[in-house]
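Residue numbers (our numbering), protein chains in the order written: chain X, -9 to 328; chain W, -9 to 328; chain F, -9 to 328; chain C, -9 to 328; chain V, -9 to 328; chain R, -9 to 328.
Treat the hints as calculated values from the structure; they're not laboratory data. Only a predicted model underlies this, so the values are computations on that prediction, with no experimental measurement involved. Careful, some of the hints might be misleading.
Copies of one chain are not kept apart here, so a pair can be met inside one copy or by any two copies together.
Claimed, not checked - List time: in silico SDA-like cross-link candidates among lysine to any residue, alpha-carbon distance up to 25 Å:
id, residue 1, residue 2
1, Lys40, Glu100
2, Lys288, Phe86
3, Lys99, Arg71
4, Lys258, His66
Protein chains: 6
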Amino acid sequence: MSENILAFGEVMMRLQVPGHELLQQASTLNYSFSGTGVNISSALTRLGHKGYLMTTLPNNAIGDASVSYLQKLGIHSTFIRRGGENVGMYFLENGFGMRSSRVTYANRKESSFNTATGEMYNFAEAAKQIGIVHFCGITLAMNDSVRVQMKSFAKAVKENGGKVVFDCNYRPLNWGENGYGKAKPHYEEMLYMADIVMMNEKDAMHILGMNTVKEQRVEQVKDLIPAVAKKYDIDVIAGTHRYINGDNSHALQGFMYKNQAFTFSEIKRFAVLDRIGAGDAYTSGIIHGELKRFEPAKTVDFAVAAGMLAHSIVGDTPVSTESDIFRAMTDSVGDVER
Amino acid sequence: MSENILAFGEVMMRLQVPGHELLQQASTLNYSFSGTGVNISSALTRLGHKGYLMTTLPNNAIGDASVSYLQKLGIHSTFIRRGGENVGMYFLENGFGMRSSRVTYANRKESSFNTATGEMYNFAEAAKQIGIVHFCGITLAMNDSVRVQMKSFAKAVKENGGKVVFDCNYRPLNWGENGYGKAKPHYEEMLYMADIVMMNEKDAMHILGMNTVKEQRVEQVKDLIPAVAKKYDIDVIAGTHRYINGDNSHALQGFMYKNQAFTFSEIKRFAVLDRIGAGDAYTSGIIHGELKRFEPAKTVDFAVAAGMLAHSIVGDTPVSTESDIFRAMTDSVGDVER
Amino acid sequence: MSENILAFGEVMMRLQVPGHELLQQASTLNYSFSGTGVNISSALTRLGHKGYLMTTLPNNAIGDASVSYLQKLGIHSTFIRRGGENVGMYFLENGFGMRSSRVTYANRKESSFNTATGEMYNFAEAAKQIGIVHFCGITLAMNDSVRVQMKSFAKAVKENGGKVVFDCNYRPLNWGENGYGKAKPHYEEMLYMADIVMMNEKDAMHILGMNTVKEQRVEQVKDLIPAVAKKYDIDVIAGTHRYINGDNSHALQGFMYKNQAFTFSEIKRFAVLDRIGAGDAYTSGIIHGELKRFEPAKTVDFAVAAGMLAHSIVGDTPVSTESDIFRAMTDSVGDVER
Amino acid sequence: MSENILAFGEVMMRLQVPGHELLQQASTLNYSFSGTGVNISSALTRLGHKGYLMTTLPNNAIGDASVSYLQKLGIHSTFIRRGGENVGMYFLENGFGMRSSRVTYANRKESSFNTATGEMYNFAEAAKQIGIVHFCGITLAMNDSVRVQMKSFAKAVKENGGKVVFDCNYRPLNWGENGYGKAKPHYEEMLYMADIVMMNEKDAMHILGMNTVKEQRVEQVKDLIPAVAKKYDIDVIAGTHRYINGDNSHALQGFMYKNQAFTFSEIKRFAVLDRIGAGDAYTSGIIHGELKRFEPAKTVDFAVAAGMLAHSIVGDTPVSTESDIFRAMTDSVGDVER
Amino acid sequence: MSENILAFGEVMMRLQVPGHELLQQASTLNYSFSGTGVNISSALTRLGHKGYLMTTLPNNAIGDASVSYLQKLGIHSTFIRRGGENVGMYFLENGFGMRSSRVTYANRKESSFNTATGEMYNFAEAAKQIGIVHFCGITLAMNDSVRVQMKSFAKAVKENGGKVVFDCNYRPLNWGENGYGKAKPHYEEMLYMADIVMMNEKDAMHILGMNTVKEQRVEQVKDLIPAVAKKYDIDVIAGTHRYINGDNSHALQGFMYKNQAFTFSEIKRFAVLDRIGAGDAYTSGIIHGELKRFEPAKTVDFAVAAGMLAHSIVGDTPVSTESDIFRAMTDSVGDVER
Amino acid sequence: MSENILAFGEVMMRLQVPGHELLQQASTLNYSFSGTGVNISSALTRLGHKGYLMTTLPNNAIGDASVSYLQKLGIHSTFIRRGGENVGMYFLENGFGMRSSRVTYANRKESSFNTATGEMYNFAEAAKQIGIVHFCGITLAMNDSVRVQMKSFAKAVKENGGKVVFDCNYRPLNWGENGYGKAKPHYEEMLYMADIVMMNEKDAMHILGMNTVKEQRVEQVKDLIPAVAKKYDIDVIAGTHRYINGDNSHALQGFMYKNQAFTFSEIKRFAVLDRIGAGDAYTSGIIHGELKRFEPAKTVDFAVAAGMLAHSIVGDTPVSTESDIFRAMTDSVGDVER
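Chain X with its partners taken away, still in its complex shape (with noise of 0.2 Å):
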């Protein structure tokens, strides 16, 4: 079943280094477009759906490279508006081995989606055309004008009677000080109002201040996300544990709780080529794992290949389709394809 998809957020300009210089020692960056909402409306797109990304982009040069960059993703124009003056930028220095890949933000706060205020949006008529919305915890973040947005508009989805995904995605950096405190009340409007979640056990300890005696993670994840299920009434939690090597690989495991029950994928290991965005991946893969109503245990092994390979693939954005990840749920891999 293809279903109407639209995703809240703001667009970011990637500016990264190419190859492993970094940004002090090289003269060229490659830049291209992205940001969760981006990303989760693209992948669907490549899955099959009809995506669509409700952001506000300036009427600059930026925001026209923006504009056509999504277009190029496949992502329906309908609900961007343009305005205000600036795009949000981050710069990307690729790591390698036990050197970490650096994120440097720029020009985040002062952007066109977070100054826009919400009587930009058509949010009513937007409601009526789509079957699922997705929101970030990075969005809600941002400032109180872009959480009014997001929680008034995922109340009128819900009252047309589509479905809402939130994906936790906590960053530190943008909460700031006491971050949990001032975040908590603001995730607990969203989970009330969220049929899928991504989260994890961290999540839950820290931003819902939730307790477990467990010391392993998966443990963890078993006592807890039950009673976040409960408590907010989701019917569908799902999140990851990645494990990092020095060696330029890491490990996913995927999993997923729904009709009070778990499942969890293989632990699968994989070279990576850029990291970022993969988790995105990983959600979409659980967002059409949920829409095509796979089995469980087929939905995370899914959404863990979905994430594998976004992680072989240059950019933030997922461009895999179904049959690649098909593909990739197998544990061989192939020869070249002729």
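Following the hints, complete the assembly by docking chains W, F, C, V and R onto the known chain X.
Chains W, F, C, V and R only, in chain X's frame:
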């Protein structure tokens, strides 16, 4: 005579689309760091002086890259402080023929320089060490705090026997609505302190509100500039007239008013590779001529040749040596230098 | 008035040697996707209309890349079908000065577009939705099947009240030996259906076999074009004369014949960066002028300025907005836009 | 002993997306020219022999670029003829980790080589000058005309006392539906003429329709290859087994059957940079070993090392010298060579 | 008539800063291999002759790269020997407009060519095989050993009935202080052996010490060149006058003196992309004209057109074919060639 | 404690083939400037000290580029003199997997540094200003003049109370035949003056001719290094053992001998991006540890981490800060730093 020269101003990150694509067409950017102060300080270093820059840059990867770049240009980093969070940026799309180049600013208001407070700089120490300080109308446009810094530092330099250069460099975008009215009192304060001023007839008419019945630009200059020099007691006023053609060539005529006499250069026509920052090369030529006590005609010719050469150099920042410029002052262009 | 515009034609992959090397000297290529239909549809999208393309692209990596690229240009993909195995290609080596640019075609005859059958397109549905359809003489040259598609689609559009634009665009290479003779009946069928035609005196003489005793090109135009308009009952006939210089500059003069009257633009001379596709910018300007009901003189000047600007833009496909073109219609070229 | 070696086959243009982007993400391509015959001829040139290629290339810019490239590789152009209109092409998107590399062919059926007629080549003259000729199953798959050329040229070489190498290289894509059935008679004709054959157990089973009760690949080889050698009277049959891992590494084991005895190399595991064409490096190693009368064990180890090194070299075509390969035959890898 | 042509001379590695940056601004270089001998041999290969080069290159990675590059240019490597340790290099910074291009030499004195001994070459064999040998004044400037090689090889060619071309190509940098005095006897020895000489009035005055009362360059040529031809018994003397403009254009006038008569071409003005090596294109045109027995006027026009085209080609080495040059001899420049 | 540190040595131009092509395959090079002295001086600048370099560079475009690059690295140019004609160069082809990286030197013997005379440096002034001087065995290998300079400068530093660091860094290529015999007396002179020495058991055995019955490298170190320290009265001797794997990873174990006690680090394994210069990062770590009076175990761990990180950085020259290195000393590698 070699001199210690300091420029006070913002460092901008220049993000240039390579070749002639628009930002919406390309996927890579060339970056460098510049700004009027950077250009002046570096240009005078190449001419044999010791160039300093007083500015503030953030303590992150972008700040590190800026400092490395300034060091590469030969600028002494003694008076560069680190703090704040942002570097102002501009995106440059190269024009071609009848299509003008286009600049899009980003992240400027919140830059480390524009949000720094005056106490962070050691104005007193700097005023003792340097012989000449350079200020620019772009900096004057930023905000009240920066304006206070400029004026108090100019005063300190004067009190220590140093000379003040002020480049009017009025940019309508920076001053906003009713800009001339807002700008005038600040410009006047700077002019009263300045020994060398870069301006032309438009500045006199629009910023200072002066009138002339002349219609030709050269006649207007002759009419207005002596009055400015007299009113504000300025030793040297210099400027240029630029003529822009549709075939990727420009022409420049320079002038200087000193000791109640005008000197005009010939109108030099030349092919344009990179126009930005070329005005700062002219200013550097005037400063250098004054420091070396050239005759006015030699100074203006030198400054025009410096400006002309800067149009043939990639990047905002002039890199020509004194001997490069002397060679360019002759009318013939040579074959390959071996 | 914004209009739904559809172009019917092939998408070509442009593989350009960067800079000025020959294919035998270089080792990298820049690629993009274009074609007369692509250029027209995209150009009119930038001018505020809604542009569609009807074409066929293969279901492989090259087809995927084509579709992404067309979406980036803002073209609506509703009528793009997938099938067949190939995309036509051309290799471009940039000329310089006295050395002409050189195009080498590859893989064209077997392209998905040229091997598609008419049943694959939904001509009836398209004819209902669109107001103007654009066809081109290059497409007419391909093969009998494509010719049948063109003509039956043109007929369907006419029957639905839409307008037909036909660009003669005769390419000797495509028609082969005794090309004019082969081409004439097909051109005549298209001319009888067309409302707006792009042609000049050479088309009239060579394709349609008309004669004139005039020797000057402008005089020949004045002699022949009215006869063409009358015979085939064409509302608007427009075209250009191009003059090529050895210093990387060209000149263009545009003309339009409408309501039994001629309008000629001035001859505009300009530096040339990328000549390919510039003719389509002129056509787009004529179409836009007609849609917006500009006076003929304004339409021709607008079209010439659009064509002139397209020579300053990288790639085949025009990207200028209406305001860019209005600005270029003045004779002066500005300094850097900030 | 240095030998004159000629390969008969098509030159392909390789158009590779740089780095790890997909064709739909990138905008530049690296190009080079290769093909099994090119690889064999060039590899053996590096090993001290005199390599020729018999092929047809068009008389246009792409053909000129091909010839320049082949000359650069050291291939003698005596038997390269010019004619026809096309060069076969393939687009290569590099895989990463679990994501396989992907090849998309274009323009192949209509290539100058595949449309050339046999009279255009001087088979008789070539058969006199060369000691060894190399043919490949890819060429055999093309069309009847090319098959006739192959067979008659092989016959001529045999009659002049030369040796024939045949690499089975069965590609399902080229033979289409019921490919094995179509291919078998042609393969058999070539096998009857061949002195050295590259094949493995799959070729014996699928193309030749042989059966074995063994289940392990090595056991199947031991069971089937001697029967092939006997039936078709082949001096040397050699091949490899490849193992593909998800961490960008492969492993290879080589084998050779000669004088009724098998030699197997160790399984060598190695990091993979560019996998395409590495099989041709192995073939070249076998040919070189036979020409230099190495002991079988040395020949197989040499060929595996040649194959292994070819995975560490950019491009399809092997460039290693004999001493490079001898060094790689030891198990230790050295520090930087200075 | 196609001829075997050999040039004796050094191969230089050209390391060019891409675009218009200075070496101090950039971080990448484009490299290629050239030299007067390389240029002549390659240019005449494109014109249908068989070009050889006699030189020495080291047995290391740089030498391997040189040989590959020469092969790519179509130069036959029969007389290229390997030995010594270095390749001469030059760094090229492209000028723009009034800023001249700049060449910085490195590693030249110790190059394999300049340290090779004469016994290493098989002069006797080469003298038998070739019809024309080309020498250059740059080589003559290197050292005594190289000079002895040149002269003895020229003598051997003459004794075998071959023709000697000598290009004066005096470079002040190479001869050092009192250069003309040192150079004269060596130049005279070469002139006595030469059949075709490239020189102009400055060579006659400065190297040979001849005098004229004329002041115009053309008049000086007319006055001095016949005397040179007579004294040294030279069949053909040819040369050019170059005029350099500040708008990236040059102009050339060619002349030839043969059978006691002068032929002068028109002065051709053209845009300049890459000036280095263009003189060798002119020389190649003269040699080709003589070999093909063109009328003098056709030869000079052909040579000027060859030289003009070489300014539009990237790299030192001419790549134009005879038909390219014939096309450039007409005054009109065409539109895109399709 | 921050210290003034000076390194005496040659600046080399590094010309690196990008990616993994060989010099014969590519057409562009990345260039930078390095050398042991450059690396040490720059690395210690990043660690908070004030780094100087004493060297000679030519007064041409290459020398200008070198100086700009050193300034960018933060090196103070006070003791860099200009003169001579050449910069030593090396070409670097990156290895991959089992294929080693390869370095080809050029232009070294004639470099400005190696042809400078001692009077050109102000050793006396430098000896007064600096606290630590660094010398290297590569410099010691150059020629007698350079050796005299090294020794007399080392002596002057000692007499002014400064400390001498000497890195044995024996390169067989530089010393030629019977190198160890030639080198020994010069090494001994340096060792008698040195306070901190970088060496391992091979230096003791081969250069100093010492013997041991041990067979394991670590045992040999334990046997020989104390004897060296005692004989030459050296405070600190440190070194590494490197293990090279075929999968693009290396391992390092560091050791330090001080106050009659050994400290060994763990063996750290890590992925390798750019191996050249990493030894200098280790040296810098040892020097920094000593200057900051770290405990020996901390110093060795710090130095190994510095060395390990340097393998993950593009270019020869370390750029890590103290906090980067402290972070890398923990065993875990983090996710993207935001």
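Q. When no copy is named, should Lys288 and Phe86 be tagged within, between, both, or neither for a Cα gap of at most 25 Å?
A. The answer is between: 24 Å across copies meets 25 Å, while 33 Å in one copy does not.
Q) For the identical chains here, do Lys258 and His66 meet the 25 Å Cα criterion within one copy, between copies, both, or neither? A) Close neither inside one copy (33 Å) nor across copies (39 Å); limit 25 Å.
(Q) Within, between, both or neither: how does the pair Lys40, Glu100 come out at a Cα-Cα threshold of 25 Å? (A) neither (30 Å within a copy, 32 Å between copies)
Q.
Cα distance capped at 25 Å. Does Lys99 pair with Arg71 within a copy, between copies, both, or neither?
A. both (18 Å within a copy, 24 Å between copies)
This entry does not satisfy hints 1 and 4, going by the numbered hints stated previously.
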